[in-house]
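Undergrad: This is what each chain is made of:
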Amino acid sequence: GEDVEQSLFLSVREGDSSVINCTYTDSSSTYLYWYKQEPGAGLQLLTYIFSNMDMKQDQRLTVLLNKKDKHLSLRIADTQTGDSAIYFCADLKGNNNDMRFGAGTRLTVKP
Amino acid sequence: DTGVSQNPRHKITKRGQNVTFRCDPISEHNRLYWYRQTLGQGPEFLTYFQNEAQLEKSRLLSDRFSAERPKGSFSTLEIQRTEQGDSAMYLCASSRQSSTHYGYTFGSGTRLTVV
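Protein chains in written order, with this note's numbering: chain A, 14 to 124; chain B, 5 to 119.
Simulated from the structure, these hints should not be mistaken for lab results. Any given hint might turn out to be false.
What the hints assert, rightly or not - Taking lysine-lysine and the DSSO-like style, the derived pairs with C-alpha atoms no more than 27 Å apart in a straight line are: (1) K61(B) with K49(A); (2) K49(A) with K123(A); (3) K15(B) with K49(A); (4) K106(A) with K81(A); (5) K106(A) with K61(B); (6) K69(A) with K83(A); (7) K106(A) with K69(A); (8) K106(A) with K83(A); (9) K123(A) with K81(A).
If we strip away everything but chain A, and leave its shape as in the complex, we get (with noise of 0.2 Å):
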């Protein structure tokens, strides 16, 4: 099964606040991350965050990371239609070695 999950699609309107969700199973993953792809494009590092830490804002992103539910959540605020795209979860184990991601959340945001 998916070590990473996120749900497939999200809609938002131009100005809300868009809140994309993911789960991990791995209990040893140390480091979780944020990433962006535009069509056509490769994968853009929007934002990380460690194992130890609880929270993580940069600008309008804030990343929330339950550890008991192995729950991560990017929140994006003020959502542009600039930010219509998708956004892979993903995790990293401490041996650094094999980054895994989720399916992708496709977010599209209307006018």
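Position chain B relative to chain A; hints supplied.
TA: Frame of chain A, contents of chain B only:
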């Protein structure tokens, strides 16, 4: 530094042909990773190098796939006797060993279509 560079961007090939892709990582990054991404899915790990040594290979990397990084700089991924199921985006990423936990830097990928 221009980031991770992959060539070609697109490749269309006939079934049964061999193809080779190239990845140029960020110059000071000693780790290099290959991933495959099929439509509607997240990237799946194929293999990774630390310098010139190939340290890990996924079970997805069949005998028809081979990757090299001869001088510890650029890498090539070759697929022999391509099949339609090989159609995917092939992504390369790199990182510095000491700062891998800050995330990998990905290239724009090579999209392979096998007809």
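Undergrad: Take the hints in turn and mark each one as holding or not.
TA: Evaluated hints:
Of the supplied pair hints, the one linking K61(B) and K49(A) holds, its CA atoms being roughly 25 Å apart against a limit of 27 Å. Note on K49(A) and K123(A): the hinted pairing holds, with a Cα-Cα distance of about 18 Å set against a maximum of 27 Å. With a CA separation close to 24 Å, the supplied pair K15(B) and K49(A) stays within the 27 Å bound. With a CA separation close to 17 Å, the supplied pair K106(A) and K81(A) stays within the 27 Å bound.
Among the hinted pairs, K106(A) with K61(B) is consistent with the structure: their alpha-carbon atoms are about 16 Å apart, no more than 27 Å. Taking the CA atoms of K69(A) and K83(A), the gap is about 16 Å. The hint holds against a cut of 27 Å. Our distance criterion of 27 Å between C-alpha atoms is met by K106(A) and K69(A), whose separation comes to about 19 Å. Straight-line distance between C-alpha atoms of K106(A) and K83(A) comes to about 14 Å, which keeps the hinted pair within the 27 Å bound.
The hinted pair formed by K123(A) and K81(A) fails the criterion: a straight-line CA distance of about 34 Å is larger than 27 Å.
In this structure, the one hint that does not hold is number 9.
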